[in-house]
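Student: Modelling step: build the complete structure from the supplied sequences, incorporating the hints.
Position in the sequence shown (from 1) plus 24 gives the number in this note's numbering.
Read the hints as simulated data drawn from the structure, not as lab findings.
A couple of the hints might just be wrong.
[What the hints assert, rightly or not] Label-pair restraints from in silico Cβ distances:
(1) Ala42 <-> Glu99: 17 to 25 Å
(2) Gly60 <-> Arg83: 13 to 21 Å
(3) Asp58 <-> Ser32: 30 to 38 Å
[Said to hold, decoys possible] Heads up, simulated SDA-like pairs for lysine to any residue below, C-alpha to C-alpha not over 25 Å straight-line:
(4) Lys86 <-> Asn56
(5) Lys31 <-> Ala46
(6) Lys54 <-> Met90
(7) Lys39 <-> Glu51
(8) Lys54 <-> Ala80
(9) Lys39 <-> Gly55
(10) Lys86 <-> Leu59
(11) Lys86 <-> Trp69
(12) Lys86 <-> Glu51
(13) Lys31 <-> Arg96
(14) Lys54 <-> Thr65
(15) Lys54 <-> Lys86
(16) Lys31 <-> Ala67
(17) Lys86 <-> Glu99
(18) Lys39 <-> Pro62
(19) Lys31 <-> Leu97
(20) Lys86 <-> Asp43
(21) Lys86 <-> Ser111
(22) Lys31 <-> Gly74
(23) Lys86 <-> Gly113
(24) Lys54 <-> Thr101
(25) Lys31 <-> Asn44
(26) Lys54 <-> Gly74
(27) Lys39 <-> Trp93
(28) Lys86 <-> Arg96
(29) Lys39 <-> Ser111
Built from N, CA and C at the ideal position, the CB exists for glycine as well.
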Amino acid sequence: SGPVQDKSLIEPGAKVFADNCAACHGENAKGNRDLGAPNLTDAIWLHGSGEAAIAAQVRAPKNGVMPAWVGRLGETTVKELAVYVHSLGGGE
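Tutor: The following block contains the structure:
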(Lines of atoms letter the chains of each structure in order from A and count residues from 1; the text may use other names and numbers.)
(Lines give C-alpha, C1' and ligand atoms only; values in the text may rest on other atoms or scores of the structure.)
Protein backbone atom coordinates (compact mmCIF):
# COMPACT_ATOMS: atom_id res chain seq x y z
CA SER A 1 0.00 0.00 0.00
CA GLY A 2 2.88 2.39 0.68
CA PRO A 3 2.91 5.74 2.42
CA VAL A 4 0.26 8.40 2.00
CA GLN A 5 1.19 10.42 -1.07
CA ASP A 6 -0.18 13.84 -0.11
CA LYS A 7 -0.77 14.29 3.62
CA SER A 8 -2.42 17.68 3.03
CA LEU A 9 -5.47 15.78 1.72
CA ILE A 10 -6.03 13.84 4.96
CA GLU A 11 -7.92 16.60 6.80
CA PRO A 12 -10.34 17.43 3.95
CA GLY A 13 -10.74 13.69 3.37
CA ALA A 14 -11.72 13.22 7.00
CA LYS A 15 -14.53 15.76 6.51
CA VAL A 16 -15.72 13.97 3.37
CA PHE A 17 -15.69 10.70 5.33
CA ALA A 18 -17.65 12.21 8.23
CA ASP A 19 -20.24 13.69 5.86
CA ASN A 20 -20.66 10.70 3.53
CA CYS A 21 -19.23 7.48 4.94
CA ALA A 22 -19.49 7.50 8.72
CA ALA A 23 -23.19 6.63 8.67
CA CYS A 24 -22.28 3.10 7.57
CA HIS A 25 -18.58 2.69 8.36
CA GLY A 26 -18.86 4.45 11.74
CA GLU A 27 -17.28 7.67 12.94
CA ASN A 28 -14.18 5.69 13.88
CA ALA A 29 -14.22 3.80 10.53
CA LYS A 30 -14.31 0.46 12.37
CA GLY A 31 -17.21 -0.68 10.19
CA ASN A 32 -20.63 -2.17 10.82
CA ARG A 33 -21.05 -5.83 9.89
CA ASP A 34 -24.85 -5.58 10.08
CA LEU A 35 -24.73 -3.04 7.24
CA GLY A 36 -22.00 -4.86 5.33
CA ALA A 37 -19.60 -1.95 5.91
CA PRO A 38 -16.06 -3.23 6.51
CA ASN A 39 -13.54 -1.99 9.02
CA LEU A 40 -11.32 0.53 7.21
CA THR A 41 -8.73 0.82 9.97
CA ASP A 42 -7.15 -2.62 9.72
CA ALA A 43 -4.76 -4.10 7.19
CA ILE A 44 -7.41 -6.31 5.54
CA TRP A 45 -8.30 -4.90 2.14
CA LEU A 46 -10.40 -6.98 -0.22
CA HIS A 47 -9.99 -4.86 -3.35
CA GLY A 48 -6.50 -3.38 -3.09
CA SER A 49 -5.06 -1.06 -0.49
CA GLY A 50 -3.40 1.78 -2.37
CA GLU A 51 -5.00 5.17 -2.86
CA ALA A 52 -5.87 4.39 -6.50
CA ALA A 53 -7.57 1.11 -5.53
CA ILE A 54 -9.51 2.83 -2.75
CA ALA A 55 -10.61 5.61 -5.11
CA ALA A 56 -11.74 3.01 -7.67
CA GLN A 57 -13.78 1.22 -5.00
CA VAL A 58 -15.42 4.51 -3.97
CA ARG A 59 -16.28 5.38 -7.58
CA ALA A 60 -17.70 1.97 -8.47
CA PRO A 61 -17.76 -0.67 -5.70
CA LYS A 62 -16.99 -4.21 -6.86
CA ASN A 63 -19.12 -6.07 -4.32
CA GLY A 64 -21.28 -5.46 -1.32
CA VAL A 65 -23.94 -2.93 -0.58
CA MET A 66 -22.03 0.35 -0.83
CA PRO A 67 -23.49 2.62 -3.51
CA ALA A 68 -21.30 3.98 -6.27
CA TRP A 69 -20.18 7.51 -5.47
CA VAL A 70 -19.23 8.42 -9.03
CA GLY A 71 -21.38 11.40 -9.93
CA ARG A 72 -22.04 12.21 -6.26
CA LEU A 73 -18.49 13.18 -5.35
CA GLY A 74 -16.12 14.91 -7.76
CA GLU A 75 -12.67 13.55 -8.57
CA THR A 76 -10.93 15.90 -6.13
CA THR A 77 -13.26 14.82 -3.34
CA VAL A 78 -12.77 11.13 -4.15
CA LYS A 79 -8.98 11.66 -4.05
CA GLU A 80 -9.22 13.37 -0.64
CA LEU A 81 -11.39 10.55 0.67
CA ALA A 82 -9.05 7.87 -0.71
CA VAL A 83 -6.02 9.50 0.93
CA TYR A 84 -7.85 9.71 4.26
CA VAL A 85 -9.07 6.10 4.15
CA HIS A 86 -5.61 4.91 3.10
CA SER A 87 -4.13 6.70 6.11
CA LEU A 88 -6.49 4.77 8.41
CA GLY A 89 -5.42 1.33 7.21
CA GLY A 90 -1.70 1.63 7.61
CA GLY A 91 -0.92 4.14 4.91
CA GLU A 92 1.32 6.20 7.18
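Student: Hint numbers the structure violates, sorted upward?
Tutor: Structure breaks no hint.
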